[in-house]
Each structure stands twice: as C-alpha cells, then as structure tokens.
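Just so you know, the sequences run in chain order A and B.
Per the working numbering, residue 1 is the first one in the first sequence, and the count goes up by one each step.
Per the working numbering, residue 1001 is the first one in the second sequence, and the count goes up by one each step.
Check each hint, because a few of them may be wrong.
Covered by chain B, per the in silico footprint, the following chain A stretches (three or more residues, Cβ under 8 Å) [stated by the list, open to error]:
#	region
1	128-135
2	166-175
Think about it this way: if two alpha-carbon atoms lie no more than 20 Å apart in a straight line, the pair counts; the simulated SDA-like pairs of lysine to any residue are [said to hold, decoys possible]:
#	chain 1	residue 1	chain 2	residue 2
3	A	K78	A	M107
4	A	K38	A	L103
5	B	K1271	B	M1201
6	B	K1072	A	G193
7	B	K1134	A	I110
8	B	K1134	A	I31
9	B	K1116	A	M107
10	B	K1134	A	K78
11	B	K1134	A	V102
12	B	K1116	A	K78
13	B	K1116	A	S109
By construction, these hints were calculated from the structure, which means they are not laboratory data.
Quick caveat: nothing in here was measured; it's all calculated off a predicted structure.
Built from N, CA and C at the ideal position, the CB exists for glycine as well.
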Amino acid sequence: MLLISVMSPTPVVPIIAFLTSTILLLYFARIPYRFYLKLLWYPIIIIAITCVIIALFFGYQEPLTEINLLGLRWTVFKDGITLGFNTFFRVAGGLSTQFFLVLTTPMTSILLILRKARIPLVLIETSLLIYRYIFVFIEVMETMHTAQELRLGYSSLIKRLRSTSLLIANLFIRTLEQGERTFTAMNARGYDGNIRILEDLPKPRKAALAGIALFDALLVALAFIIMNVRIV
Amino acid sequence: MLFRLENLSHRYSDGTLAVDNVSLSFAKGERIAMLGTNGSGKTTLLHHLNGILRPTSGRVYFEDKALAYDSKSLLDLRRRVGFVFQDPNDQLFAPTVKQDVAFGPLNLGLPADKVKEVVVEALRTVGMAESAEKPPHFLSLGQKKRVALAGVLAMQPETIIMDEPTSNLDPRATSEILHLLLQLNKEKGITLVLATHDVDMVPLFANRLYILNRGRLVSEGTPKETFSNTELIRKVNLRSPRITHLFEVLKKENNIPIDEELPLTISEARKEILKLLDMENMPKQERDTAT
Chain A
1 MLLISVMSPT
11 PVVPIIAFLT
21 STILLLYFAR
31 IPYRFYLKLL
41 WYPIIIIAIT
51 CVIIALFFGY
61 QEPLTEINLL
71 GLRWTVFKDG
81 ITLGFNTFFR
91 VAGGLSTQFF
101 LVLTTPMTSI
111 LLILRKARIP
121 LVLIETSLLI
131 YRYIFVFIEV
141 METMHTAQEL
151 RLGYSSLIKR
161 LRSTSLLIAN
171 LFIRTLEQGE
181 RTFTAMNARG
191 YDGNIRILED
201 LPKPRKAALA
211 GIALFDALLV
221 ALAFIIMNVR
231 IV
Chain B
1001 MLFRLENLSH
1011 RYSDGTLAVD
1021 NVSLSFAKGE
1031 RIAMLGTNGS
1041 GKTTLLHHLN
1051 GILRPTSGRV
1061 YFEDKALAYD
1071 SKSLLDLRRR
1081 VGFVFQDPND
1091 QLFAPTVKQD
1101 VAFGPLNLGL
1111 PADKVKEVVV
1121 EALRTVGMAE
1131 SAEKPPHFLS
1141 LGQKKRVALA
1151 GVLAMQPETI
1161 IMDEPTSNLD
1171 PRATSEILHL
1181 LLQLNKEKGI
1191 TLVLATHDVD
1201 MVPLFANRLY
1211 ILNRGRLVSE
1221 GTPKETFSNT
1231 ELIRKVNLRS
1241 PRITHLFEVL
1251 KKENNIPIDE
1261 ELPLTISEAR
1271 KEILKLLDME
1281 NMPKQERDTA
1291 T
C-alpha cells in the first residue's frame, strides 16, 4: 500500500490508502486518536508547506494565473498545482500506512520477516540492537540533559551550544562503552557472532492474505483507470 | 573443588593491578559472598570465573582442570557458569523479554520448542512470566534484574555469578532477589557467587565470605568468623552489619554479657536478646518457685 500510494499519479488512491489505514488504526487497533493526530501533525504541516511551494514554483505548461508577489509577477502553472496536490496526498498516504506498520507490528515480527526476505543478517542484527539501545540512550540523554540544565548549562545561547556539544560528545563515548559492555555480556551467554532470534510468528490466515492482495490489486487498478483525471 | 584460583593476578592495559595474587577455592553448592569496597577488584575477579577475562598471571581451575580459552571450551564453561551483570541494561539487548531470555539457549543450539519451554520456565521461576512480550525499557530496575537472571537461568547453569545483585534496588526487590537466589541454591543445588558491598545482606545469604581490599584477598571464612574481626573490617573501609554493631556497642560500652560471637542477623539477635532477658528473669523465677 505504501508503494502504491507513493507511486500513484493521482491523489485518489493515496486518499483511499490514508482513510483505510486511519480507520484500521483508530477502530481496530484502538490507537487513541489524540496520539495519532499528534504523530501526523508535524509531518503534515511540513509537507503542506513543501507542497504549496512545489505547487507555486514548479510546472511549465498551461499558465493558470498570475499573482503579484512583492511587486514581481509570478506565473502559476496548472501542472505545478497538480504536482503539488499529488505530492501532498502521496506523502500523507505513505505516512499513514507507515504508521500502521509501526503502531501495530512488534519489532521482532518485522525483524523476522526481514530475515525471511533474506535481508543481510548484519543489517537485521544491527537494527535489533539499535532498536533496544535507542531507549537506553534516550534515558541517558535525558538524565545528562537534566543534570546540565540544573547547573544552568542552558541559560544563554553560548552555554546552550557548549552544553549541547558536550552532551553529544559524552553520549558518543557512552555508546562506545555500552557497546563494549553489551558485547562482553553477550559473550558470557555464548554469543558466537550470530544473534539468533526465537521464531514464533503466528501463521497468517490465508483469507487475510487474500484480502490484502485483493485490496492492493484494486488500488493498483484504480490508479491506472483514473490516471488521466486531473484536479485542475 | 568446583573452582580453584591459584595466585591469580590481573593487570588492566592501563597498568592498574586490579587483582593481586589471589588464591581461593570453593565447592559445589556453596553460597559465596565477595565483599569489598568499590574498586576493590570484586568484579574483575569474578570475570575470571567464566572466562570473560584471562589472568595476567596465575591460573583458574574449574573442576580441577585449568580453564582453556578456545571457543568450544568457553561455550561449555559459560553454559555451566552463568554470569548476571550489575547493570541489566548491559545484558538485556533484545527487543522483548522473551527474545532476550531465549538468546542463551539458542546459542547452545537447543531446538526451538525446547527453547520456548526453558524460556517460559525461567521466566516463571523469577516471577516475570506475564512480561514475556514486553520490551525491556518498560520494566523497572528490579524487574530488569530478574529478567537478566532469567536469561542466565534459561541456560540451566550449575553455578551463577552475580555482580551486585541488590545494588540500587528497593527493600522489597532486594529481599525478593535474595529469596529467589536462596531458593535456587536450596532446590536446584546451584552454586552461587555474589559480589556485593551490602554487608547487612551477607550473613543472610552466604556460608562463606571473602573480603577483598585493593585487589588482595584479606580474609576468608564464615560470615561469623569474619565479622567478629571488627578491626580488620574497619581497616578495609567496610562495616559490620548494623545489628552486629549494636551488640558490639552494648557489650563494650554497657558491659552487657554477650557471647564472643556477635549476632549478625535479626533472628540471631532475637535469640540473643531472649537469652539475656531469661538470665535476668531467672533469679526472680527461682525466688518464685522457692516460696
């Protein structure tokens, strides 16, 4: 669904993708809607601004209108507007489908699927460790940040810059130390260069798989049928 | 003897002599405590017991055979001698509790079904079965310590080494870990080796106590023998258990007739106090019966 909605030439398909994953998330996965809105809010704003810029500055066919921009006459093109709209909805569709994956699928399942897809083990093992230690280091960072703040490390711009650089440098050293200690601890439990993961994925139901395939096929078909429909 | 250290020394690459000519030995089923201040070499010493560190000089014997450091012998040693690290964040690296506990048994090459079985069993033993699917960062420190212990238990070791098992834990979590360890020792006969500076815990737990000071072994014996040498305890910047200290003061300052061997735990103190009360009551009772 992510691929389809990002590659779709019209906004219709991504809108459907967006609505589907949103409904699935809010009603079936029971994600609190406030949390979901918060997640969506910042990326959507950034994309909206970007897409307005794309809409106004891109394009070269069929002048639509001219606007007066600080004494400059600026021509806005039809295909620019279309591109802007498309980009916005593609990204929105892509975002919501990504959130669907992130919010519903446990990390271990994703890693197991990646392994089945024959992604190199190094990448999988690295992401497994990164996933775990991101949380450890967020904690370390928060503690260090608070400690700096309590000693007035953020009371002026210069101090703020200095404290931030110290924080980053220290965090970096901490990651190296942590890596060393984790390696020792893993060795103590018989680590031999391969992280083995216990496989216990529930078998996907055939009906569910078929449903997903059908839905995706419909989306692709729709994308082709309405390829020539333009907004403007 | 299960373990025998012979003139063991370890010098780190920065020149610090962390362990200085230590010789000691202990048998299967014992409960050993290594007591010492921060930086006394406890952790370094323990790291030799399952081959994490190699001695700079001296030797480690396990079941009367010198440790070999090839990967096959190390794997075998580490299956039989589990190590629980002080900071559970060092040890818990997997995205979920279950995956982490499964790491050791999978490295031993057990089949998946068997692994699931031992994982469930280990988590149940430490009382963390409900948290199997949780990511470690959602757990409290006490819970993380128990999961770290489960990760070692799942390899079904005969000896467990724990570095500061109770540091930073609240009283309840401390006593839970302690009871869990004693139960493992009693029911499964697992030999326990603990590094600690919690002197109040030692008499509750250990049957043999080693004291390390600046990398040197300065005392060896039962907690009772060791703590009665108050001069030594003070010299190495430790202290007696609070209870023992109280009785020492009562004996010295108030001339209360207390045995040469001071009580170390609350239950011993209780007995001692009851005995003293009885002695006071005795003449009165005798008077009563006489009349």
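Hints versus structure:
| no. | hint | result |
| --- | --- | --- |
| 1 | 128-135 | holds (count 6) |
| 2 | 166-175 | violated (count 0) |
| 3 | A:K78 - A:M107 | violated (44 Å) |
| 4 | A:K38 - A:L103 | holds (13 Å) |
| 5 | B:K1271 - B:M1201 | holds (19 Å) |
| 6 | B:K1072 - A:G193 | holds (14 Å) |
| 7 | B:K1134 - A:I110 | holds (16 Å) |
| 8 | B:K1134 - A:I31 | holds (18 Å) |
| 9 | B:K1116 - A:M107 | holds (19 Å) |
| 10 | B:K1134 - A:K78 | violated (52 Å) |
| 11 | B:K1134 - A:V102 | holds (16 Å) |
| 12 | B:K1116 - A:K78 | violated (61 Å) |
| 13 | B:K1116 - A:S109 | holds (16 Å) |
Checked against the numbered hints above, the structure breaks hints 2, 3, 10, 12 and satisfies the rest.
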